[in-house]
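*Asks:* Okay, here's what each chain looks like letter by letter:
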Amino acid sequence: MSSARTTLAPVSKVKIEVKVNGEVRQADVDPRIPLVQLLRDELGLTGTHIGCLTGHCGACTILLNGSAVKSCTVLAASANGDEIRTVEGLADGDLHPVQKAFWDYQGFQCGYCTPGMIMTTLELLRENPDPNDNEIKAGISGNLCRCTGYQTIIQAVRGAAEALRRNPQPADKS
Amino acid sequence: MTKTLTYYAPASLEEALDRLSQLGTDATVLAGGQDVVPRMNQGQLSPTNIIDLKALKNLVGTETANGAIVIRALSTHRTIERSEAIQNWCGLLADAASQIGGGIQVRNRGTIGGAVCAGSPAYDFLPCLVALDAEFRLLSSVGERRLPASEFFRDVGKTALRPDEILTEITVPKLSPDTGFSYQKLKFSDGCYSIASAACTVKLNLNESFAAARLALGGVAPVPIRLRQVEAMVGGARVTEKLLGEVAAATEQAVTNPITDVQADGEYRRAMAGVMAKRALTSAFERARHKGKGERT
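For the protein sequence lines, the chains are A and B, in the order given. Residues in the first sequence are numbered consecutively from 1, following our numbering. Residues in the second sequence are numbered consecutively from 1, following our numbering.
No lab work stands behind these hints, which were simulated from the structure alone. Among the clues, some could well be false.
Each computed DSBU-like pair below joins lysine-lysine, with the alpha-carbon atoms no more than 30 Å apart [what the hints assert, rightly or not]:
#	chain 1	residue 1	chain 2	residue 2
1	B	Lys293	B	Lys242
2	A	Lys15	B	Lys291
3	A	Lys19	B	Lys57
4	B	Lys187	A	Lys137
5	B	Lys174	B	Lys291
6	B	Lys203	B	Lys187
7	B	Lys187	B	Lys291
8	B	Lys203	B	Lys293
9	B	Lys187	B	Lys158
10	A	Lys100	A	Lys19
11	B	Lys174	A	Lys13
Negatives, chain B to chain A, calculated, CB over 12 Å [said to hold, decoys possible]:
#	residue
12	Leu17
13	Thr25
14	Lys54
15	Gly103
16	Leu139
17	Ser176
18	Gly245
19	Val275
20	Ser283
C-beta atoms are modelled at their ideal positions from N, C-alpha and C, and glycine is treated no differently.
Excised from the complex, chain A in its bound form (with noise of 0.2 Å):
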């Protein structure tokens, strides 16, 4: 992508504003560049991970106005007025349950899956509060891990909605 880069043609930048976790950010934006790069190269928020730009891996899941989409194949353009919801939004001081399960089940090895894994798993749970392992295989299918074998995200995300069923989040941090 960086040697194509400098061969692309000039642009008309879009003024665009969205609200990320909570607070409200303005950008002039290359009308070609996906919400991810907004997210990590202008906002500074290198937690949503870029594993392929092609929609496979699901590592750049984010929340947009709450559901759960892969940020690389949305053009940061088309979330102006939007409401995102990015990894970074999740802990408050503590970690969220969903984070804390994945800690505590080791639902991760090299990590690099890992936001994007939780970010789904949000959506997952709160649609489905009590999943079987079936149910979690087909709600993390967008989403590829080349470490773990999955099963121990599969415990994670278990552990995260027994939590959750114990302790619900307030809406805007379920």
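Following the hints, position chain B against chain A.
*Replies:* For chain B alone, kept in the frame of chain A given last:
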């Protein structure tokens, strides 16, 4: 001369159509972005103008009209998967939507209109819409065209949509409550594109022979294939091993130009097309039979 890339987010359909008629082939229309944005990221697509339909909320949702369900083009896969009207009246589409790969993230963002206009043979809605005799409404600043799904897809990534047109809605005739349907797809894993898929609807006679069947293949050839010969062949017949063998053979024969790619070669796809057609027909039959029993008791 290098052109300047410009991004437009029109506030109304009229504005979008005017802009499109001005820019013509120089414009890329953006819906959910699940096809367009990854291709931009990879340098396969370098638009000079982007027309983002994001603001056109009146292109979202479904309505029931005259024995049909009208699905507006910007309805997401997730909406289609969960819409009660679609589950009740064209459940085949809800089934196919729930099987779209790439995870909930893709289903949350991707739209049926985007998938149709991208025209990728692997997209699950394509064979379903062809089997369901869906009709596409194409609008431009000079007027409206309506095209049946069977005439819309022309080649890999190529459709009958003109550069000045936007697909605004898809009309799907309702399935009667006793209709059985099934979408069967062969893939390596949940996240993969289909190697071969088959969409099927059937109606049964009282003696459980086929009164009518519709079958279409996806993923095997550049465009979906409607299996008219197979449909005619099963009319009046009962499900037997012999019939299913004939269905598979006739299906394979209908696949004259299978795709070869990194997932599978053409001969394998052709063979699997037969298997998917058999599975879809059998499973649609079981569903219709089950519904029939439910009604009789």
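*Asks:* State for each hint whether it applies.
*Replies:* Hint-by-hint comparison with the structure:
A C-alpha spacing of about 25 Å is found between B:Lys293 and B:Lys242, which places the hinted pair at or below 30 Å, so the restraint holds. Annotation: proposed proximity of A:Lys15 to B:Lys291 is violated, straight-line Cα distance about 55 Å (limit 30 Å). Restraint check: the Cα-Cα separation between A:Lys19 and B:Lys57 comes to about 21 Å, which is no more than 30 Å; the hinted pair holds. For the hint linking B:Lys187 to A:Lys137, the alpha-carbon distance of about 16 Å falls within 30 Å, and the restraint holds.
Of the supplied pair hints, the one linking B:Lys174 and B:Lys291 holds, its CA atoms being roughly 16 Å apart against a limit of 30 Å. Annotation: proposed proximity of B:Lys203 to B:Lys187 holds, straight-line Cα distance about 28 Å (limit 30 Å). Using a Cα cut-off of 30 Å, the hinted pair B:Lys187 and B:Lys291 holds, with the two alpha carbons roughly 29 Å apart. Between the alpha carbons of B:Lys203 and B:Lys293 the distance comes to roughly 13 Å, so the proposed pair stays at or under 30 Å and holds.
For the proposed pair B:Lys187 and B:Lys158, the alpha carbon gap of about 23 Å is at most 30 Å, so the pair holds. Between the alpha carbons of A:Lys100 and A:Lys19 the distance comes to roughly 25 Å, so the proposed pair stays at or under 30 Å and holds. For the hint linking B:Lys174 to A:Lys13, the alpha-carbon distance of about 46 Å lies beyond 30 Å, and the restraint is violated. Remark: the non-interface label on B:Leu17 is consistent with the geometry, its nearest Cβ contact in chain A lying 19 Å away (cut-off 12 Å).
For B:Thr25, the requirement that its beta carbon stay farther than 12 Å from each beta carbon of chain A is met, with the minimum near 16 Å. With a closest Cβ-Cβ approach of about 5 Å to chain A, B:Lys54 is found to fall inside the 12 Å limit, against its non-interface label. Listed as outside the interface, B:Gly103 is inconsistent with that label: its C-beta sits roughly 1 Å from the nearest C-beta of chain A, within the 12 Å cut-off. B:Leu139, annotated as away from the interface, keeps every beta carbon of chain A farther than 12 Å; the closest lies near 22 Å.
A cut-off of 12 Å between C-beta atoms confirms that B:Ser176 is not in contact with chain A; the least separation is 30 Å. Look at B:Gly245: its CB is around 33 Å from the nearest CB on chain A, clear of 12 Å, so calling it non-interface holds up. Every CB of chain A lies more than 12 Å from the CB of B:Val275, the least distance being 23 Å, so the non-interface label holds. The beta carbon of B:Ser283 sits about 19 Å from the closest Cβ of chain A, which is more than 12 Å, so the claim that it is off the interface holds.
Consistency with the previously given hints fails for numbers 2, 11, 14, 15, ordered from lowest to highest.
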